[in-house]
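S.K.: From first to last, the protein sequence lines are chains A and B. Per our numbering, the first sequence runs over residues 4 to 444. Per our numbering, the second sequence runs over residues 4 to 444.
It is worth saying that the hints were derived from the structure and are not from the lab. Among the hints, a few may not be true.
Derived lysine-lysine pairs resembling BS3-like cross-links, with alpha carbons at most 30 Å apart [unchecked claim]:
1) B/Lys383 x B/Lys339
2) A/Lys366 x A/Lys338
3) A/Lys338 x A/Lys384
4) A/Lys366 x A/Lys10
5) A/Lys31 x B/Lys390
6) B/Lys412 x A/Lys96
7) A/Lys97 x B/Lys366
8) B/Lys397 x B/Lys25
9) B/Lys390 x A/Lys390
10) A/Lys398 x B/Lys390
11) B/Lys412 x A/Lys31
12) A/Lys218 x A/Lys105
13) B/Lys397 x A/Lys62
Here are the simulated distance ranges between beta carbons [unchecked claim]:
14) B/Asp110 x A/Asp132: 50 to 58 Å
15) B/Gly225 x A/Gly388: 35 to 43 Å
16) A/Glu244 x B/Glu24: 41 to 49 Å
17) B/Gly94 x A/Asp132: 53 to 61 Å
18) A/Ser61 x B/Ser425: 52 to 60 Å
To be clear about the criterion: a stretch of chain B counts as covered by chain A if any three or more of its residues have a C-beta under 8 Å from a C-beta of chain A, and this derived list gives those stretches [unchecked claim]:
19) 131-137
20) 163-172
21) 199-209
22) 237-249
23) 322-334
Even for Gly, the Cβ is constructed at its ideal location relative to N, Cα and C.
There are 2 protein chains.
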Amino acid sequence: MEIKTPKGTADSDPVDMVVREKVFGLLKNCFRRHGAVEIDTPVFELKDILTNKYGEDSKLIYDLADQGEGESLALRYDLTVPFARYLACHGLKKMTRFHIAKVYRRDRPYMTRGRFREFYQCDFDIAGDYDMMIPDADCLKLITEIMDALEVENFQIRLSHRKLLDGFFEVCGVPNELLRPITSAVDKLDKTPWETVREEMLAKGLSEESADKIKTFVEIKGNVFETLEQLCSIEELIQNENARSALDEMRILFGYLDTFGVTDCLNFDLSLARGLDYYTGLIFEAIHLDSEQEGVRIGSICGGGRYDKLVGRFGSQDIPSVGFSVGIERILAIKKESYIQQRICTTDAFVVGIGVSIEDRMKLAQLLWESNINAEFAYKKDISGRKQFEQANKKSIPFAVVIGEEELKNNQVSVKDMHASSQIKIDRCDLVPYLLAQLNK
Amino acid sequence: MEIKTPKGTADSDPVDMVVREKVFGLLKNCFRRHGAVEIDTPVFELKDILTNKYGEDSKLIYDLADQGEGESLALRYDLTVPFARYLACHGLKKMTRFHIAKVYRRDRPYMTRGRFREFYQCDFDIAGDYDMMIPDADCLKLITEIMDALEVENFQIRLSHRKLLDGFFEVCGVPNELLRPITSAVDKLDKTPWETVREEMLAKGLSEESADKIKTFVEIKGNVFETLEQLCSIEELIQNENARSALDEMRILFGYLDTFGVTDCLNFDLSLARGLDYYTGLIFEAIHLDSEQEGVRIGSICGGGRYDKLVGRFGSQDIPSVGFSVGIERILAIKKESYIQQRICTTDAFVVGIGVSIEDRMKLAQLLWESNINAEFAYKKDISGRKQFEQANKKSIPFAVVIGEEELKNNQVSVKDMHASSQIKIDRCDLVPYLLAQLNK
Numbered sequence: 004m005e006i007k008t009p010k011g012t013a014d015s016d017p018v019d020m021v022v023r024e025k026v027f028g029l030l031k032n033c034f035r036r037h038g039a040v041e042i043d044t045p046v047f048e049l050k051d052i053l054t055n056k057y058g059e060d061s062k063l064i065y066d067l068a069d070q071g072e073g074e075s076l077a078l079r080y081d082l083t084v085p086f087a088r089y090l091a092c093h094g095l096k097k098m099t100r101f102h103i104a105k106v107y108r109r110d111r112p113y114m115t116r117g118r119f120r121e122f123y124q125c126d127f128d129i130a131g132d133y134d135m136m137i138p139d140a141d142c143l144k145l146i147t148e149i150m151d152a153l154e155v156e157n158f159q160i161r162l163s164h165r166k167l168l169d170g171f172f173e174v175c176g177v178p179n180e181l182l183r184p185i186t187s188a189v190d191k192l193d194k195t196p197w198e199t200v201r202e203e204m205l206a207k208g209l210s211e212e213s214a215d216k217i218k219t220f221v222e223i224k225g226n227v228f229e230t231l232e233q234l235c236s237i238e239e240l241i242q243n244e245n246a247r248s249a250l251d252e253m254r255i256l257f258g259y260l261d262t263f264g265v266t267d268c269l270n271f272d273l274s275l276a277r278g279l280d281y282y283t284g285l286i287f288e289a290i291h292l293d294s295e296q297e298g299v300r301i302g303s304i305c306g307g308g309r310y311d312k313l314v315g316r317f318g319s320q321d322i323p324s325v326g327f328s329v330g331i332e333r334i335l336a337i338k339k340e341s342y343i344q345q346r347i348c349t350t351d352a353f354v355v356g357i358g359v360s361i362e363d364r365m366k367l368a369q370l371l372w373e374s375n376i377n378a379e380f381a382y383k384k385d386i387s388g389r390k391q392f393e394q395a396n397k398k399s400i401p402f403a404v405v406i407g408e409e410e411l412k413n414n415q416v417s418v419k420d421m422h423a424s425s426q427i428k429i430d431r432c433d434l435v436p437y438l439l440a441q442l443n444k
Numbered sequence: 004m005e006i007k008t009p010k011g012t013a014d015s016d017p018v019d020m021v022v023r024e025k026v027f028g029l030l031k032n033c034f035r036r037h038g039a040v041e042i043d044t045p046v047f048e049l050k051d052i053l054t055n056k057y058g059e060d061s062k063l064i065y066d067l068a069d070q071g072e073g074e075s076l077a078l079r080y081d082l083t084v085p086f087a088r089y090l091a092c093h094g095l096k097k098m099t100r101f102h103i104a105k106v107y108r109r110d111r112p113y114m115t116r117g118r119f120r121e122f123y124q125c126d127f128d129i130a131g132d133y134d135m136m137i138p139d140a141d142c143l144k145l146i147t148e149i150m151d152a153l154e155v156e157n158f159q160i161r162l163s164h165r166k167l168l169d170g171f172f173e174v175c176g177v178p179n180e181l182l183r184p185i186t187s188a189v190d191k192l193d194k195t196p197w198e199t200v201r202e203e204m205l206a207k208g209l210s211e212e213s214a215d216k217i218k219t220f221v222e223i224k225g226n227v228f229e230t231l232e233q234l235c236s237i238e239e240l241i242q243n244e245n246a247r248s249a250l251d252e253m254r255i256l257f258g259y260l261d262t263f264g265v266t267d268c269l270n271f272d273l274s275l276a277r278g279l280d281y282y283t284g285l286i287f288e289a290i291h292l293d294s295e296q297e298g299v300r301i302g303s304i305c306g307g308g309r310y311d312k313l314v315g316r317f318g319s320q321d322i323p324s325v326g327f328s329v330g331i332e333r334i335l336a337i338k339k340e341s342y343i344q345q346r347i348c349t350t351d352a353f354v355v356g357i358g359v360s361i362e363d364r365m366k367l368a369q370l371l372w373e374s375n376i377n378a379e380f381a382y383k384k385d386i387s388g389r390k391q392f393e394q395a396n397k398k399s400i401p402f403a404v405v406i407g408e409e410e411l412k413n414n415q416v417s418v419k420d421m422h423a424s425s426q427i428k429i430d431r432c433d434l435v436p437y438l439l440a441q442l443n444k
């Protein structure tokens, strides 16, 4: 029997957990700053809930075995579809929520670049029938705050619009039934050279002429206002209804983002497609530029968009929605070291007994626990003082509370500051207030 | 298509999440007080890792479908086996860790009593070669602290010992190969009448005589010291090696627990068996007495024991271990109301604009966000002041920051205390310090 975690998964050790708790705390703070409440959903959903939502990525869904339950189940692939199902199930008309949970994809793992089969997504979404592009602007503003909070310094948010993409595909002569397959091909452009993507398009039944015209469009990118003007000057695009309405929306969005003062980090990028089927409007991804430039392609660290027709697919009335997902594993792949705090073990005091019984050490630990001071003692009846100090040192525990025959007799204890190596003797009744003051608790 | 969560699972709404975050915080505080660090493991394990660890309960394990990966996977059934696998994988000789995560059991659900198919376990375990019963005493002491922290007032910890059980089964003439099956039958005594359990024993091949003798033993329970003396007075038990060594261990344990001052809530209960195969020594369960007396059988709210031979089954050397799991769903089933805090939405201020543009409201929100004040505004361009105040009220948001034409002209804002209904007008530059002071941030 092989003793390991399944392919594409990893254990999280205490250092990972401290880092993750810190990052989650920062994220929750940002999410709540913009009015979100938290929810959770089961790790698996009825298989039918997930079917036909993810396009070509559907093949990456983990199914559960049929064990005679009468329900076909699958592990959640993202947190967006479960959110739409949640809204429909609970008959909600609007909700701004965040959700931090693991999702599952049978993808090719690339662990050092933060690509796992089990990984956390941290999602923020605004569902509700609001005025055009206001929630969308709120989401993008929030992403800039999250990047600040996580100290991801050199990032860029690439934006596009599904209807703009549809519009220019139409202009390029892409037949209707090929719109989603061609979108999915364009989505691969960040990892794949144009020639390969072109071959995929032709294999899917697109004409060479259409494919070559698509190339001229997907190369358009840059500053949001300039790119918007450039696109608005393309007559055949403006004649297309989808493209024109998308460009109108983008103009409104960029105005709001200008009000929020966050247009500098934006890039209007026509090669952005987003693979998932459910997007209907604005789409975006945040990229860490430094790692791009260093040739470490970790992919997007945050992505999302608008999906106005997803909730309606669960028998409920449509609820226009927009949101995004922060890929914490990828951010940790580039930033983990900077989040590591000094102390992983949070024990405040190690009880050291010299020439006294285990019960004497237990009573002292009990005294500290009572006052919510994190305390340990050696789980050995007979152990030298030296070995006990070694244990405290090994875990970087800041204080040792020492009790010997002398202290026991006089109802005293000695407190040793393990960093300063200084030691003082105090009355037992002064121990808790003294330590609490030292620990700033 | 049916729109629901899978059988035995439930969504967690924002109230659930606030309660859970509070309870997890209290638990983590307790776990860290006793020196534990946190870990996590994947939600699924290689199927072989879980095989032959849980006895008859193995049939409740969720398998993943074979999708051609070459690995057979199953959802984790508890956090103990993954911990043992973790120790073996990482070559650790000792670790005191906690782990808070969901586990999966294809059991008959009983949602109102907190029995789900997907539920959280909160585990604390001490692995390492330490002196007899010292880590065990630490675990039991910690459970009393957890019950205090969670304000579970009328609880009892029932204790027994696997070797004592083995010993008295031997005395009762249970053949060796029936030891685990009979243990598993006795384990059902808390939910099942004796006659039914007896039938199961006979069906498993036990003689009527043995079964009837078992009955006289499993009825023994009570105060730990008295029960210990009662058992030690049974000559045939003392003659049995397993029973004698178990009773010796219990005597040492009760001494330590006396030192910790926690023997009052203990009950030495010979009907306690614990279903899982891996226990080798002390076993225990915490019961909420009030709900037992009220006839609401929610089962144990915490359970655990010693498992000295589990890590060794993963090809590593044996690491003696003891620990327990807190069943938070069951505690919430009886205590949830008492953990609910007043505010679920944590928004501090709602920006209200009257006769000003959406951009003016956005700029004001931006000012608040910059200073880490949680702020919302209505996502509508044209909306009356009344409707905006209504939104703030609905979410119990404590402050409204109001901007009208007058305020805009004079570079001022009005701050309305939504509870007191009082309102003051201040300079815009004073807004952030004023709100921070009011919010005690």
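S.K.: Each of the hints needs a verdict: does it hold here or not?
M.R.: Hints, verified against the model:
no.	hint	verdict
1	B/Lys383 x B/Lys339	violated, 37 Å
2	A/Lys366 x A/Lys338	violated, 43 Å
3	A/Lys338 x A/Lys384	violated, 44 Å
4	A/Lys366 x A/Lys10	violated, 47 Å
5	A/Lys31 x B/Lys390	holds, 28 Å
6	B/Lys412 x A/Lys96	violated, 37 Å
7	A/Lys97 x B/Lys366	holds, 24 Å
8	B/Lys397 x B/Lys25	holds, 23 Å
9	B/Lys390 x A/Lys390	violated, 68 Å
10	A/Lys398 x B/Lys390	violated, 57 Å
11	B/Lys412 x A/Lys31	violated, 36 Å
12	A/Lys218 x A/Lys105	violated, 36 Å
13	B/Lys397 x A/Lys62	violated, 43 Å
14	B/Asp110 x A/Asp132: 50 to 58 Å	violated, 41 Å
15	B/Gly225 x A/Gly388: 35 to 43 Å	holds, 41 Å
16	A/Glu244 x B/Glu24: 41 to 49 Å	holds, 47 Å
17	B/Gly94 x A/Asp132: 53 to 61 Å	holds, 56 Å
18	A/Ser61 x B/Ser425: 52 to 60 Å	holds, 56 Å
19	131-137	holds (count 4)
20	163-172	violated (count 0)
21	199-209	violated (count 0)
22	237-249	violated (count 0)
23	322-334	violated (count 0)
When held up to the earlier numbered hints, the structure conflicts with 1, 2, 3, 4, 6, 9, 10, 11, 12, 13, 14, 20, 21, 22 and 23 and fits the remainder.
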